[in-house]
Amino acid sequence: MPRNSSHPKVEIFNFRIDPALKAAFTAATSADERPAADVLRDFMRAMWRGGSGVLSRQKRGGSPVK
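Each residue of the sequence shown is one higher than the one before, counting from 4 in my numbering.
No lab work stands behind these hints: they were computed from the structure. Every value quoted in this text rests on a predicted model; they were computed, and no experiment measured them. Quick reminder that beta carbons are idealized off the backbone N, C-alpha and C, glycines included. Errors might be hidden in some of the hints.
Just the calculated beta-carbon pair ranges, DEER-fashion [unchecked claim]:
#1 Ile15 with Met50: 15 to 21 Å
#2 Pro22 with Gly53: 14 to 20 Å
#3 Pro22 with Arg52: 27 to 33 Å
#4 Asn17 with Met50: 16 to 22 Å
#5 Ala23 with Arg52: 25 to 31 Å
#6 Met47 with Asp21: 15 to 21 Å
Go ahead and model the full structure; you've got the sequences and the hints to work with.
Here you go:
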């Protein structure tokens, strides 16, 4: 299956979520015709670049996120 993302896979991030949340999220991303992984990556980048909370404080001392 060809990759839909232009971002190279570097790390794997596994986490547990409620099955109902997964189903709702998957349905929403399917309706937008976007892979759930792409949406999560975009969300993580937005949080990192954001401007509030812990992630923005870490950003100042952390490595750049592409």
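Status of each hint after checking the structure:
| no. | hint | verdict |
| --- | --- | --- |
| 1 | Ile15 with Met50: 15 to 21 Å | 19 Å, holds |
| 2 | Pro22 with Gly53: 14 to 20 Å | 28 Å, violated |
| 3 | Pro22 with Arg52: 27 to 33 Å | 31 Å, holds |
| 4 | Asn17 with Met50: 16 to 22 Å | 18 Å, holds |
| 5 | Ala23 with Arg52: 25 to 31 Å | 30 Å, holds |
| 6 | Met47 with Asp21: 15 to 21 Å | 19 Å, holds |
Hint 2 alone, counting from the list given before, is not met by this structure.
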